[in-house]
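J.: Below are the chains, spelled out letter by letter.
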Amino acid sequence: MSPLVLTLPVALLAGAWLAAWIDRLAPALWGGRAAGPLAPLRDGAALLARPNATTEAPDRLTRWLAPGTYLVLAAAGLSVVPLAPGVAAVDSPVGIVVWGACEALTVVAVFLHGWSPNSPFPLIGAYRYTAIGLPVMLPSMFVLIAAALPAESLSLIAVVEAQREVWNLVRQPIGLPLFLIVGLTLTLRGPFDFADGADIAGGTSAEESGPGRALWQLARLTMLTAFSAMAATAFLGGPLGPGLPAPMWLALKTVAVMLLTILACHALARTVPSRMLHLLWVAALPLSFLHLALAGWVAL
Amino acid sequence: MTLTIVLVFAAALFGIGLYGAMSQQSFVMLMMGLELMLNSALLAMIGFWSLGLAGAPEGQLLAIIVMAVMAVEMAVGFALVVAVYRKRQADMTESIGTLKE
Amino acid sequence: MTLVSIIALGLFAVWTGWRVFVVDSMVRASFSLMLSFLCTGGIALILHADYLGAATVFMMAVEMMVMAIFMVMFMMNPAGLNPMKMVHQERLSILMGALAFGVFVGAVLRSDLPDAPVAADRPATFDLGTELLGPSMLIFETAGVTLLAAMVAAVVLSSRTGRYGEADAGARPPGLTEGGDPAGRQPEEGGHHHHHH
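Protein chains in written order, with my numbering: chain A, 15 to 314; chain B, 1219 to 1319; chain C, 183 to 379.
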């Protein structure tokens, strides 16, 4: 652990603000009104001023533990991402497995968030999300292992080093789309928003209001930032690039992936959970397995 | 010294797991006891690898095998729980008593 | 410093392990077990077993999530809103647990434990990889086939189209009251129904 850990909260908050603003720009796609950069701050402040809703006999410990855990996991995921070639906040030799652990614990955090208010719609949202979120871990791991194969190491610093000649996006083209699926699931967005969907009255956030809701939305946005940084590192070469200083390249690529994710979130429709499960197990998982087999064959 | 402490913790986890596996009436809680026992085996193996074997890779291999055993036990165990519930509506160990006497 | 953190994590692991069987809320029980496993993963990370620690955290998060779902499916008091204690042969179990603990601690204290700590800069993950795919390839492949067999077994045991007909043919959901009728429409066929609660 180096002093770079202190830059994590700043990076996460800045990323969350940027992601919230891009979210509010998206209505321009279908003829709505785009909002300015201060709109997320206004909405956040308004949320903080509202009263906190309470339910009957909630599980108080997990009510606050769930969004807090979600935030900590975003920070932990971002901490293994290299900010410059050879420099990361936490130099872990198994960075990819650490990110996988963060993904798995995210499913737990969302489940607890839906469990804690002791209310039916949040529980339904939590259950639907778990049914989708756990299978999504599998393509995620296959895709990340395929990205690690050219580096012959699980450390993200080595993965970045192995992309000096050619990015992983070029030699493993279906890796990034599959990883985008994982990102949409982790941040409860778009076609994978089974936890907080509008069709179950807001799902796990149905009973949230005021500061609790603000915290949960902030946690989702920080996880989007961490995921974008991870995708940029594994597929777009992370901090590598000529000219600009390395952290700036990482920031540019992170913003690019963030734009892509938010575009996918607003452009793709959500289907029923059973059909999505079918798609995941029958299409996404074998595809990611083939992708890994191909990457392994190339590496050998 | 550190190895002794790690092994004492592993022994404590094993004792609690054994208590749970023997005393709980519900199938799922019983499986939690089994998981705790495997947890203690995993902890003991990691302790031995790190502090007693000077990092010989066979130690890590045995820890991986323990994790595989955990996964297999949970998968087949829960499948059995579901099958028993479907057949006999039994969710407690006291309820399947057809072999009694 | 390392010893202090190992002791702290170990104590927390044992405490959360004990809480599993004491709390009333079933979801809290499974996540308490998860915390116990996370402490084991943490101890592994401190002891330079990086891959094992991270993989333990990863696997146990998913396993305990599945366990929480089964808890809510199969236990009648998942939220712990009423106190509940479902144990049998409790005294014997406590005795056996304490006996196991005593025997193991006695064995640990009496025996001559080796003292060969791993070098901090040893590439543990690389060693594990070359070991798995080199000298211990047979064990690795056997574990893989065993996992496949477990997957097939789990699907076969719990599939709804059973071997001799529908898996829940003749099944009757639990009653609304003790020994009473289940909610909803009753099935037309009569016959022997065992239902326990």
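Hints may be right or wrong, so weigh each one.
[Unchecked claim] For the chain B half of the interface with chain C, some residues (derived, Cβ under 10 Å), not all of them: (1) A1230; (2) L1236; (3) A1239; (4) L1260; (5) S1268; (6) L1271; (7) E1276; (8) A1289; (9) E1291; (10) V1300; (11) E1312.
Just so you know, these hints were derived from the structure itself, not from any lab.
Remember, predicted model here, so these are calculated numbers, not experimental data.
In this text, a Cβ means the ideal position worked out from N, Cα and C, and glycines have one as well.
J.: Mind listing which of the numbered hints don't hold for this structure, in increasing order?
T.: Every hint satisfied by this model.
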